[in-house]
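Asker: As a plain string of letters, each chain reads:
2 protein chains.
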Amino acid sequence: MKVRILVSLKPGVLDPQGRAVHHALEGMGFDGVEDVRIGRTVELDVADSTSDEALEKMCEQLLANTVIENYRIERLG
Amino acid sequence: MKVRILVSLKPGVLDPQGRAVHHALEGMGFDGVEDVRIGRTVELDVADSTSDEALEKMCEQLLANTVIENYRIERLG
Numbered sequence: 001m002k003v004r005i006l007v008s009l010k011p012g013v014l015d016p017q018g019r020a021v022h023h024a025l026e027g028m029g030f031d032g033v034e035d036v037r038i039g040r041t042v043e044l045d046v047a048d049s050t051s052d053e054a055l056e057k058m059c060e061q062l063l064a065n066t067v068i069e070n071y072r073i074e075r076l077g
Numbered sequence: 001m002k003v004r005i006l007v008s009l010k011p012g013v014l015d016p017q018g019r020a021v022h023h024a025l026e027g028m029g030f031d032g033v034e035d036v037r038i039g040r041t042v043e044l045d046v047a048d049s050t051s052d053e054a055l056e057k058m059c060e061q062l063l064a065n066t067v068i069e070n071y072r073i074e075r076l077g
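First to last, the sequence lines map onto chains S and Y.
Note that the UniProt record's numbering gives residue 77 to position 77 of the first sequence, counting from 1, and the numbers run on in steps of one.
Note that the UniProt record's numbering gives residue 60 to position 60 of the second sequence, counting from 1, and the numbers run on in steps of one.
Don't read these hints as lab results, they were simulated from the structure.
Any given hint could be a false lead.
Claimed, not checked - The list that follows gives simulated cross-link-like pairs (lysine to any residue, SDA-like), each with its CA atoms no further than 20 Å apart:
1) Y:57 / S:34
2) Y:10 / Y:70
3) Y:2 / S:59
Throw the hints in and build the complete structure from the sequences for me.
Answerer: As structure tokens, this is what we get:
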């Protein structure tokens, strides 16, 4: 089973990488970009029997830094 | 308008970060993990008038390295 985990910075947490990309897009002449935030994805191929609980534990313990990041788990089937 | 761009390594491209995460998950006792791939997301807040063409151009020119990466554009509305 494929699972995608989306990890993003919590609102209010400074995102220097996003600011750099925003700045670069403006410099390249792309208008109308108001905000840019960078996150990451972890695509897991796991056994079908893997529980939601196990996936959450992976996020809490390794994949996300829950002090500054939110995560969302999407089962892709 | 919110737009999410998912950037992932093309199949076959080595993903050392994914391998490290895979190894760590196994070391922590999570069974049944068969593969791990790490990607990134770029969440843009753009003007509603932004065309698909402009978004594709941003990806091709800055957000993705199309030699080794695929990207997918999702309009979140």
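Asker: Check each numbered hint against the structure and report the violated ones by number, ascending.
Answerer: Violated: hint 3 alone.
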